[in-house]
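The residues making up each chain are set out below.
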Amino acid sequence: MHALLRRIHRGLDRLEPLLTVATGGILGGLVILVAWQVVARYVFDTGLFWADELTSVAVMWAALLGAAGCVWTDSNMRLNLVIDRLPAAGRVWCLALMDAVVAWFAVVFFTQGVNLVQRTMSGRMASLDIPVGATYLIVPISAVLMAVFGIVRALNRLAGHYGGRQEGER
Amino acid sequence: MPPELILLCSFFVFLACGLPIAFCLGVSAFLTGIATGISPAMLVQRISAGIQLSPLIAIPLFILAGGIMARGGVAKRIVDLAYILVGPFRGGLAMVNCMDSMFFGGVSGSAVADISSTGSIVIPMMVKKGYDREFSTAITVASATQGIIIPPSHNMVIYAMVAGGVSVGKLFLAGYIPGILVGLGLMVSCYIIATRRNYPREERPPFRQSLVIIRDGLLAVVAALVIVAGIAFGVFTVSEASAIAVFYALFLGLFVYREMRLIDAWPVLVDSVKTTTSVLFLIGCSTAFAWMVTFLQVPAKVTAFFLSLTADKYILYFLINILLLALGMIMDVAPLIVIVTPVLLPVVQATGMDPVTFGVVLMINLGIGLTTPPVGTGLFVGCAVGKTTMERVSVSMLALWPAMIIVLLLTTYIPQLTMALPNWLMP
Chain G
55 MHALLRRIHR GLDRLEPLLT VATGGILGGL VILVAWQVVA RYVFDTGLFW ADELTSVAVM
115 WAALLGAAGC VWTDSNMRLN LVIDRLPAAG RVWCLALMDA VVAWFAVVFF TQGVNLVQRT
175 MSGRMASLDI PVGATYLIVP ISAVLMAVFG IVRALNRLAG HYGGRQEGER
Chain Z
7 MPPELILLCS FFVFLACGLP IAFCLGVSAF LTGIATGISP AMLVQRISAG IQLSPLIAIP
67 LFILAGGIMA RGGVAKRIVD LAYILVGPFR GGLAMVNCMD SMFFGGVSGS AVADISSTGS
127 IVIPMMVKKG YDREFSTAIT VASATQGIII PPSHNMVIYA MVAGGVSVGK LFLAGYIPGI
187 LVGLGLMVSC YIIATRRNYP REERPPFRQS LVIIRDGLLA VVAALVIVAG IAFGVFTVSE
247 ASAIAVFYAL FLGLFVYREM RLIDAWPVLV DSVKTTTSVL FLIGCSTAFA WMVTFLQVPA
307 KVTAFFLSLT ADKYILYFLI NILLLALGMI MDVAPLIVIV TPVLLPVVQA TGMDPVTFGV
367 VLMINLGIGL TTPPVGTGLF VGCAVGKTTM ERVSVSMLAL WPAMIIVLLL TTYIPQLTMA
427 LPNWLMP
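Residue numbers (my numbering), protein chains in the order written: chain G, 55 to 224; chain Z, 7 to 433.
For reference, chain Z alone in the conformation it holds in the complex:
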């Protein structure tokens, strides 16, 4: 049996049998190593080296910062800020839901943290004002995908680590325009739906109260801008930025909003430990898998396969998007990043796509995957928060996916949308 087949078949068989994905990667690399006479010692060294990188600390720390912000009252301030900005439009609360995700996603970088924190505030508000429970949940889930596109995003850090040599600062800057476009696209969808269903407008709070809300909300939003600017202009590294984000989140929660005590940070830390150590181990095992993939020249063969299907790069990108959307329906974001990046990045690079653009395209695809059944983490969390079922929410999602797909295609085919900011600010 050819070693490529041993690698891929063993991986997919173990995956289907329910072996944790990190071990699927490691075990299939070991088995292929045994079949090809490659010492497992080298693969173990690859796994250790893959997690012995200081920028990796940014992943747990960004998740920790997001958790502290959710616990410390940032989510409520951001919802209030969005309420003032877009509440008075027709279907204002649905738009608030989109805009708070734009802000909170920017601050926390986690779609799931966004759904569970802002969703638990906005969904009951929407239901109380007469919105369908399913639509309220669907828009919460769909808009939360901005969290992995708008920086800082720990998933972009994972991509940068796996892709190797891709600047995190450029990736962060590249995510702004597509992320905001996703939000705007969803807001347009909300407006159309709200007009048809006659959803209400909201009244803007009195001027003085509005000023206080804007001040409190901006204190949180500005943090994200400072973090991204600091990385982009070389003031601090991505790992330093993540540590600063943790301290800033603590500062807001403890001293500004005063909604948490220092002791409350421990359960959040334990939570992020459980979430992120499995991701870090996944990255380690993916390093051994990616090395084996490269050693067996799988990317070259996959590139040749895709180019044999079509010589037109635009059709090729379309096919890759279809593949990523299909994979996103059955797998979570982090595992997919570490599995598909070593295989597909060389393919798109061969056709001239910048790795930064591909990173953002990958994030949008996998973000949509979070919202799709049968395996959509965002959808699961959203249904739990919105107290509804996946089947019903999926029907409501049908009206929201077109906006996200349009932004995905625009991002894929118009590289300026991703590259304009990095080229301008980090030439």
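The following block holds chain G by itself, in its conformation from the complex:
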């Protein structure tokens, strides 16, 4: 069981930097696109009519991909005031339970995200001319990542506490 968990852990450890690179790539691309809009407007007297729509969609993709990565790296903002005062075992169980709550949230996010994709697949984006549902694909994708990260983190915390591994180790 522990060996399997460690293998999954190593795999997810390799996956998370890819999410960061993807999110960084999206943001880097948006810097160029958004700045180019200004140049296009004032230098070439034209505009990129699809840029605003693309930016909105890309922000959603970056936010959800990045948020999923933050579940794995535990870098989402939280209030530590109370849990830091708990005894070690209580703290581990409390945080593991909260990881499970994240996974529950992700399951709801996934099922409703799939609904959202299906309901909006027939419509098309006004300027990008792609199915609206395709832009929402990131909702179920990020939800799957959050659910897996949440469950593995919860198991990892408990295995770390009862198996003698440091809790700080992801």
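Covered by chain G, according to a simulated footprint, are these stretches of chain Z (three or more residues, beta-carbon under 8 Å):
{"no.": "1", "region": "66-72"}
{"no.": "2", "region": "245-254"}
{"no.": "3", "region": "267-276"}
Label pairs and their calculated CB-CB ranges:
{"no.": "4", "chain 1": "G", "residue 1": "Arg68", "chain 2": "Z", "residue 2": "Glu397", "range": "36 to 44 Å"}
{"no.": "5", "chain 1": "G", "residue 1": "Arg173", "chain 2": "Z", "residue 2": "Gly171", "range": "24 to 32 Å"}
{"no.": "6", "chain 1": "G", "residue 1": "Asn134", "chain 2": "Z", "residue 2": "Val401", "range": "17 to 25 Å"}
{"no.": "7", "chain 1": "G", "residue 1": "Gln172", "chain 2": "Z", "residue 2": "Lys319", "range": "45 to 53 Å"}
{"no.": "8", "chain 1": "Z", "residue 1": "Ala47", "chain 2": "G", "residue 2": "Leu59", "range": "30 to 38 Å"}
Think of the hints as simulated: they come from the structure by calculation, not from any bench.
We treat Cβ as the ideally placed atom computed from N, Cα and C, and that holds for glycine.
Knowing the structure of chain G, use the given hints to seat chain Z on it.
Coordinates of chain Z only, in the frame set by chain G:
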């Protein structure tokens, strides 16, 4: 159990148990939705819609620009510029610390970036000249709060998004006078402390060298003015301004100051990704939470509650400031903006306060919160940079908080301080 109680109780219980704040907002909205028969599909759609807004790109890009400026040598030029302007006064280095935050905060918009970049330059300089390490750290942390008040400030963009319909340009202009007042108030405090402790004056560099320093420093400071003016006068949108800020920061670092290579921008980008994607997700979840808050008529009930305490709006504002200061002591800036805005904005609007003024009042409150224990991000970073402890710095902060509180009260009760510039330049 009434649905309002389910919403608020579940939120606070999960918050106390250490669930990340974004998920606290989302999960409590889902649970309330289940209890009241509202489809979670609608809440998921709210979350997606909340982060599908093009102006939101300004938040990561302003943070990225601040990171590049810190990496590219802007911080050092701004410290040098402040040194020339206020160094020769009694306690000059402490004043340099205030003034460089005024400039760097204006350029980067991030208090934490200011503490870690200019603080790492000025704190060792101050300690070397005989200033207390704790006071040096305290003034670094306190003055850095100008970063979220003086534009461009990504926290103001978050507020504008959450408040809905508030002009970012007006908010930016409204932040100038209170932000500068915070800086001036802290400089007066520094002067008084320096006189009592006999802290030294600094010598001004030779004239020719001073001219070079002023030129280099102004190149950075002017960028902030151009960005704010561009937004205020409709030359570009807030997201375009943030992208321009990134390019300008790269231009300064790569070609003018030559202190970074293009490859150095990648770790800064990765850093800002980690900081800001969690903020963007927080905004998304807060959209579902805010919708639920409005659906359950919580703002109306909170307004009625506050008005039942007092009919006097000045006392009401005072109570709200106390509440915000208390919340600021235990929570970070962005989460508090997204949580309190949908609840408190309708309350102050009912008494005639402009949303722009409330935005600035909120920023000052939460800025002070950055400097207070037990949860003050600014204080944590400052202690790490200044190599001292939170307890010791907090004692030194006691001499600096009064100036910040006075500016907070002035801003709350004199709307002209916030509204004069927006009314004049964006009528």
